[in-house]
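**Student:** Starting from the structure of chain B, add chain G where the hints point.
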Amino acid sequence: MVAKNMTGPAFFVLTALADGPRHGYGIVGEVADLSQGRVKLKIGSLYGVLDRLAAEGLIEPDHEEAHDGRLRRYYRLTRDGRSALAEEAELRAATARVVRTRLGLAGEAAG
Amino acid sequence: MSGDLDLEQRYRRVLRVLPVYYRAQWEEDMVGAFLDGWLTGDPDEDSVTMEYDRPTWPEVASVIGLAARLYLGGLGTPRRYFAWGQAVRRAVLVMALVHAVVGLDALVLLDWNRRVISWLPAAPASLGAATPNGVVPATVWYLVDFAWVMLFVALALGYYRAARVIGVLAIVPNLIYLLQGQFTGLLPSPPLGPWAFWILINLAPVLAMAAFHRDAPPTARWPWLLALPAGYLLVEVPYLAVVATGNAAWLPDNSGFFCLLVSLACLAHAPRALSRTRRAAESGVWSLTLMLVAAVAGAYRIASLSDYRHDPHLIKVSLVELLILLVTVALVTPDAARTQAAAPAPPYPHLG
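Sequences listed follow chains B and G, in order. Residue numbers for the first sequence follow this note's numbering, so the first one is 34 and each next one is one higher. Residue numbers for the second sequence follow this note's numbering, so the first one is 76 and each next one is one higher.
None of these hints come from the bench; they were simulated from the model. Treat the hints with care, as some may be off.
As the list claims (entries may be wrong) - SDA-like, lysine to any residue: derived pairs with alpha carbons at most 25 Å apart: (1) B:Lys75 x G:Ser122; (2) G:Lys391 x G:Ala378; (3) B:Lys75 x G:His288.
Said to hold, decoys possible - Over the 10 Å line for every Cβ pair with chain B, so calculated as not near, a few chain G residues: (4) Gln84; (5) Ser137; (6) Val228; (7) Tyr234; (8) Val312; (9) Ala324; (10) His385.
For each residue, glycine too, the CB sits at the ideal point set by N, CA and C.
So that you can see chain B by itself, here it is in the shape it has in the complex (with noise of 0.2 Å):
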């Protein structure tokens, strides 16, 4: 299943679950770092982005942890988040290609 028209924060998300559950703010930290410093998600975005991707159940909640006092919750990739963010990245990476032939780049990675 894949997600209708994924944004790019959405992409980032979910991207940043791919290697196991984070929190929000580790989240943030994540999608800051995958992006190069391009992406700064701020909370209230970065939510509204978890409450579509949770409804759309491609991620879920996955434990608790206490810290400093407040319970941090964690979330991860379902089966359905892991297949969609598959799909949007061989998405992209076909149009990466695309753009690198077009620019007469095709061989320059692999040189």
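**Tutor:** Relative to chain B, chain G alone:
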């Protein structure tokens, strides 16, 4: 302590703008994530942070943006918010349609007066194309007319971002005209009517385009696109015919005409709204839409009463228009109230 609140409480106060159902699910998480961005693990430093720091403006703006998206609900949101979201989206389309019909009319009259179609007889003198005097050139006013037509078509076709940009550009000339009039005495005193027109009829629908967000269901494009020529033929052409035949004195002013149009729409919808056998959801969202548009029309009518403060007859006519609006909108109000529990909230769309 500043205001007797610590940083956690300040964040909770900001989060109160979110709907209750959403806070029940996400508030603890969001507060934790906000605080994680501040706290370092050093007890002394964290104590100072908790006491003196405040949510930043970008953080507050992101929460307000989230609240707007949730209250003007789209697919997957609770029924009540979905109904409000749909009603606001339709109200914006109705307002854009009114602008588009007026804009189309201005462009048709311009072409007719300039004999663009040579075999047409000359336009009657009473249908002369006129634009407001002031610093804004006539060409810009015609571009504004064209912009409203384009904005409406863009909304109907789902190009929401383009519609927002066109909307902002379309309302600027009128603002410049008002500001110029305000400082040069061109506007009537007090200038409530012209400013109410700009705020309620220009600015409000452009701001309310925020309801066309990513989760909004697609607009039913053909019914809305067909509404433009239908609106022109059924409303504007008869209006022009009355003006062309020298009977313009029988026509109400703009705000009165708007009130009467909304009243007619309420009357046309009333049988569905009052029927017990109707499918509640669709009818109710339309009732809510009509209530919103009626609120705009009524507010504009009240604000523009000041234009007639020296003419008791026109004040009476305006009050009758307002009364007709109130009576007709009362016919659909119970249905609008019921819809918040009845409107369905379709699930998020999926492919495959």
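**Student:** Run the distance test for B:Lys75 versus G:His288: straight-line Cα separation, threshold 25 Å.
**Tutor:** 18 Å, holds
**Student:** Say whether it holds or is violated: G:Ala324 keeps its Cβ farther than 10 Å from all Cβ of chain B.
**Tutor:** 54 Å, holds
**Student:** Given the hinted pair B:Lys75 and G:Ser122, is their alpha-carbon gap at most 25 Å?
**Tutor:** 24 Å, holds
**Student:** Taking 10 Å as the cut and beta carbons as the points, is G:Tyr234 off the interface with chain B?
**Tutor:** G:Tyr234 clear of chain B: closest Cβ-Cβ about 14 Å, beyond 10 Å.
**Student:** Are all beta-carbon distances from G:Ser137 to chain B longer than 10 Å?
**Tutor:** 3 Å, violated
**Student:** Does G:His385 clear chain B by more than 10 Å, comparing its Cβ with all Cβ atoms of that chain?
**Tutor:** Answer for G:His385: holds, closest chain B Cβ roughly 51 Å.
**Student:** Is G:Val312 truly not at the interface, in the sense that its beta carbon sits beyond 10 Å from all beta carbons of chain B?
**Tutor:** 41 Å, holds
**Student:** Far enough from chain B: is every CB of that chain over 10 Å from the CB of G:Val228?
**Tutor:** At roughly 22 Å from the nearest Cβ of chain B, G:Val228 sits farther out than 10 Å, so the non-interface label holds.
**Student:** Is G:Lys391 close enough to G:Ala378, meaning Cα to Cα at most 25 Å?
**Tutor:** At roughly 14 Å apart (the allowed maximum being 25 Å), G:Ala378 and G:Lys391 satisfy the hint.
**Student:** With d taken as the least Cβ-Cβ distance between G:Gln84 and chain B, does d exceed 10 Å?
**Tutor:** 14 Å, holds
Hint compliance for this structure: hint 5 alone is broken.
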